[in-house]
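> Quick note, the sequences are listed as chains A and B, same order.
The first sequence: position 6 = 6 (the numbering used here), numbered continuously.
The second sequence: position 506 = 506 (the numbering used here), numbered continuously.
Since the hints were derived computationally from the structure, they do not count as laboratory data.
One or more of the hints may lead you astray.
Derived EDC-like pairs (lysine to aspartate or glutamate); straight-line CA-CA distance at most 20 Å [to be verified]:
(1) B/Lys120 to B/Glu412
(2) B/Lys352 to B/Glu516
(3) A/Lys52 to B/Asp372
(4) B/Lys387 to B/Asp360
(5) B/Lys259 to A/Glu172
(6) B/Lys188 to B/Glu516
(7) B/Lys387 to B/Asp372
(8) B/Lys541 to B/Asp98
(9) B/Lys188 to A/Glu46
(10) A/Lys52 to B/Glu159
(11) B/Lys370 to B/Glu501
(12) B/Lys130 to B/Asp222
These numbers were taken from a predicted model, which means no experiment stands behind them.
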Amino acid sequence: MLAYILKRIAYAVPISIGVSVLCFSLVQLAPGDPLTLVISTDASQEAIDAAKQRYGLDQPLPVQYFIWLKNAVAGDLGQSIASGRPVAAEIGNATVYSLSLAFIASVIAFVLGCGMGVISGYTLGSMTDKLVSAIAISGVSIPHYWLGIVLVVLFSVNLNLLPAMGAGNSDEMDLWQRLRFMVLPAITLAAMPTGIITRSVRALVAEKLSEDFVTALAAKGLTRTQIFFHIVKNAAPTALAIVGVQMGYLMAGSILVETVFSWPGTGLLLNNAILNRDIPLLQGTILVLALFFVVLNLVVDIVHPLFDPRIKRA
Amino acid sequence: MNTKHMEAGGYIRQLLCDGNIKSLFRGVRRGTTAAILATTMIVGAGLDVQAAGTLRIGLQASDIPLPNGQTDQGSEGMRFIGYTLFEALVAYDLSSSDKPVTLVPGLATSWSVDEADKTKWTFKLREGVKFHDGSTFDAAAVVWNLDKILNPDAAQYDEKQAGQGRGRIPTIASYTAVDDYTVEITTKTADALIPFEIAWIVMSSPTQWEAVGNSWDAFLNDPSGTGPFKLEAYVPRERAELVPNPDYWNTDRIPDLDKVVLYPVPDESARVAGIRSGQLDWIEAPPADALESLQDAGFTISSNVYPHVWPWHLSRLEGSPWNDIKVRKAANLAIDREGMKSLLNGMMLPAKGMVPPTSDWFGSPEFEVKYDLEAARALMAEAGHSKDNPINVKAIISPSGGGQMQPILMNEFIQQNLAEIGINVEFDVRDWNALISNWRAGAKDATTNGAMSTNSSYFSQDPFTALMRHVDSRLVAPNGTNWGYYSNPEADALIDTIRTEFDPAKQLEAIQALHEIYVDEALFLFVAHDVAPRAMAPNVKGFVQAQNWFQDITPVTVE
Chain A
1 MLAYILKRIA
11 YAVPISIGVS
21 VLCFSLVQLA
31 PGDPLTLVIS
41 TDASQEAIDA
51 AKQRYGLDQP
61 LPVQYFIWLK
71 NAVAGDLGQS
81 IASGRPVAAE
91 IGNATVYSLS
101 LAFIASVIAF
111 VLGCGMGVIS
121 GYTLGSMTDK
131 LVSAIAISGV
141 SIPHYWLGIV
151 LVVLFSVNLN
161 LLPAMGAGNS
171 DEMDLWQRLR
181 FMVLPAITLA
191 AMPTGIITRS
201 VRALVAEKLS
211 EDFVTALAAK
221 GLTRTQIFFH
231 IVKNAAPTAL
241 AIVGVQMGYL
251 MAGSILVETV
261 FSWPGTGLLL
271 NNAILNRDIP
281 LLQGTILVLA
291 LFFVVLNLVV
301 DIVHPLFDPR
311 IKRA
Chain B
1 MNTKHMEAGG
11 YIRQLLCDGN
21 IKSLFRGVRR
31 GTTAAILATT
41 MIVGAGLDVQ
51 AAGTLRIGLQ
61 ASDIPLPNGQ
71 TDQGSEGMRF
81 IGYTLFEALV
91 AYDLSSSDKP
101 VTLVPGLATS
111 WSVDEADKTK
121 WTFKLREGVK
131 FHDGSTFDAA
141 AVVWNLDKIL
151 NPDAAQYDEK
161 QAGQGRGRIP
171 TIASYTAVDD
181 YTVEITTKTA
191 DALIPFEIAW
201 IVMSSPTQWE
211 AVGNSWDAFL
221 NDPSGTGPFK
231 LEAYVPRERA
241 ELVPNPDYWN
251 TDRIPDLDKV
261 VLYPVPDESA
271 RVAGIRSGQL
281 DWIEAPPADA
291 LESLQDAGFT
301 ISSNVYPHVW
311 PWHLSRLEGS
321 PWNDIKVRKA
331 ANLAIDREGM
341 KSLLNGMMLP
351 AKGMVPPTSD
361 WFGSPEFEVK
371 YDLEAARALM
381 AEAGHSKDNP
391 INVKAIISPS
401 GGGQMQPILM
411 NEFIQQNLAE
421 IGINVEFDVR
431 DWNALISNWR
441 AGAKDATTNG
451 AMSTNSSYFS
461 QDPFTALMRH
471 VDSRLVAPNG
481 TNWGYYSNPE
491 ADALIDTIRT
501 EFDPAKQLEA
511 IQALHEIYVD
521 EALFLFVAHD
531 VAPRAMAPNV
541 KGFVQAQNWF
551 QDITPVTVE
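Pulled out of the complex, with its shape left as it was, chain B reads as follows:
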């Protein structure tokens, strides 16, 4: 049923992309004439009269992310609201598409940990920064914002923002303003990852919150941060309009655009229709089967690798066939990732581990994840299995979801590949929300229903989300998301080192060693890294797609 649904969806998108009604009757037909494109562009310009410098973006989310500060709607919310209107003490350098993204000073100019007491961090704040309402950003504002998500007794405590932010800074115990531009943060235990964690926490204006009547609901309509954009209009479920902040502290990043309009368009076919008809200039995540024809019609497809991995997270409970390392390695050698890549119109990077080989964290594992059917079959034979004597596995997958790429297509491809070496896969298809609930509940939960793997794509922005949380034996449900109940004292020790090692070089060594365990033990079925395709009208210029979940739209212009 899902396959049919997919085929129907693909066909409909093909119609949209071809932009030619004749293809209704002829079936799949590629390309459009230049005349149609020209008509689309010329008439399209008159369809929605907008200022020349207006960038209209079609989001995947079904609602406008809340402009309260610690916004919702996952990474897309942070990308377009969290880090445009607001800022954190630590920022990401998103200016290059060539190098991995690193942390850079944001609202803090520097940070350091006390040599004698590794739980004490000092953040020196940037002077001369103003919130959109004109009030001054200072140490009191930082303390106020930490109270906003950590202190239920504070007047400004907001459950919604706490729900989004608290989990990002689990080790923070206390914080205090030393002077106007110095904040001291104390952690419960030594935590070398604090800069990564604090980069999540954005600053809303205390003065504005008071001005709108001490109400977060009222704040939504008139929010104030320190970011390069200000909010001009907010209509829930319909649109948000962002305009440049002319007083932004970093004059290099004051936007040239007149306006950015965000539209929630959760249906991918509707997004394609929106950009093809000239209603949108930029769409997030165009479907893979629309890319070629969008390009043929003159649209730009931007993509780049970013910290994302699309694996099968394997169960290590008793009775799981994935407990045999030979089977795990064989499965990893049986996936024709290049074949899958062409199936996705090139929109993936074959995985060789949890992070791409270009990452600092990759290390030098001995086992190479590649396509080698002979070796895979030999390993299966050693494990006592073959096509005639297969292993049966049940796999949880989802038909869609954030970061899930084209899950049905990819999983059916894997199913065929694994059948070649004697692993028969039965799918347990659940919608995205249900898959996530089970992932939180762990493999022992009744909802797992005998499945031996789950297919949740992972965000890997920092060492914790990328590597630590999946294999830390102390983070099995309900304490964390080690779904498969993997347990290895060596991995646990490395995780402790990463957390408590403040020498960056030594910390990096531990991260690499942990990643080497992942690959050498073939802990997951490593399949793909997404490359985050987005489509843009030809008149959208200046966008540099960083290797990240977050992107900088300040250099973008619309001609």
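Here chain A stands alone, though its shape is the one from the complex:
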């Protein structure tokens, strides 16, 4: 098991380097200049050159990359060009916001998705199944930002029950007040994974229901409830893997939702970094998100055998 984990961690290194090279090259290909924000519009060429030198932007690209990589390995992701603050601190701050939102969205998606999936799987072909499937497909196909705006119109503008934007004043609020700011973005974020999990669980349950062991269990005289638990146990490992991957997407794929709700997480950070051509911030954020994916997959792979004894790790 330990060897397996170590091997998986070792895999993460080339993946991360690959991601960082790709992201570095893409940023360089895009036109624009990270210095636009930090120097006045009428700055002399002398001032621009000095600023370039200060941020190391006068070096050849491969040199810039290796300097960045060397520092990144040492845990120093550099300084944001736009704000001058350390990138690591910026990302750390934003990650807390994104993780908490992703966590709540995952819980919503897991509970709703599994619940609806099981109901749908059990009642295959019925009106209930069709209704649940329609909801699931809507969840997958409705654009995030559109749903977010509609929820804001309903719950913030019309009913005035929940805040429309921001995360509130972080140092003056209790847990309940914090949660109120998270309800709308979390529901918006949960829509897509709820749909995907519902569809997957529905298929899994339907498949297990048609297997021989269910007939055998029924023949042995088990009650419907007892059979239900056997099915859940059989379907859980696959469902868990799907949920794990979805949580990764929630963390990384929330740019639009965070922008619509002005939620100060990694998505908003990344969006601003792209618009400002803030290269150190952009690279740092993408690297951290990529690592997050790698770690999450690792955790899912480690947890998987606990639920599915058929999988033996060398």
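Add chain B to chain A, keeping to what the hints say.
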């Protein structure tokens, strides 16, 4: 693709503005019921419990401008942090909405240039002014602050503030404290624009910088200036809280508000949602298609003309069709600016030059910029072109950006107008940052990629930014931002006069003459002046929108 994106954005904002979910299914629907508004207001008051005198402002910027002194985030940063917490020696009179803004004494009570040596300026400082930390503002503090951005050897030299401030005072060579309340500034060459330039440079407290451990990073959390507001809380990317400075030297401008909270909300739909849900009291730059319904719902839209112009900056390189004055004049006569104005819900002033006709600098040009299709077609015919024999031009535009108004909408309107007289426009759409980089690099740069114009909106706070920098033949890249490589000895001579003429009347004559060249030669495609709309909740009172990029929030109250 951009058009579709815009339409989607407009539709979403329409939803927000209608505040009525039924419109989801019915499409565009205007207006909300009084009941919804009342509910919004009543429940909204309970949503975020705030002191009665708290003003919550939604900024366009994606981060809180740095409270270090010479702040970032462009003019919005100076508006809400630079000139609220800090002050410069020379200030702007922002008290009226009716007249153009003029320079007035700030931390200096008077200034003058030496009659014999026009490079020597003397600033007499205001006595009895204290920084927020209680230390005294004096001549040593001015020298310390100039060192902060001009002298790399000084301990307090700050690259960040230097990057923002140094370019504003390019001619300053040296400075010295003559006595406690007199500062002498020497320029490299005679520079009559020094008062305009020095108005940019704000004063941070030397004592406070030392008290927080000689660190600008530490200074951010506990800054100290002389301004009418003090900083109470600063959370990067989240909010800044400003409270009144009860010891402010100008007792007429001590704020009545209990607190001002600044929130960065770069997404315009989120800003509209914020004010509609009662989370914000004031938003900067609401989108044009939200204005009418915001007004219907009881919100106040404040707007006023200010020193801004939205032109096409034309390339004058060889091969550019814009080298023909007939084509330039024809294009200027082909734009239906009134039509564009109604497209923007009235939120623009049709341009007749680089500055509005109400400006002192407008002068009396002979050519009148207006909508006259017949005249435009006649000029095109003289130039040998028509709809059947059109000119093809490529134009750099951006989908958004500070001061860019509604660039896609406006440019597509221009495209239709110009097609009417035989100018076919192909757009080269770049994001704002990329457009600015190319603007700095000049039309000869490879990134121009064959384009013959760029669409950067211009800040025109002073004669240099308004007129001189665009046409001075010595300011082509990399020395400046004469993007189009325009060259005219007559314009250069006028620019030198403006720089070196210390008699205000003669200086004004030169500025007017330069502007007359702009209009009579149709140097740019003059399109619009922005009117800086901002939306406010009905309980926000006392705001007077000056004709400026900067605004005074000290008289504002929240009932």
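> Tell me the hint numbers this structure goes against, listed in increasing order.
1, 3, 4, 6 and 11
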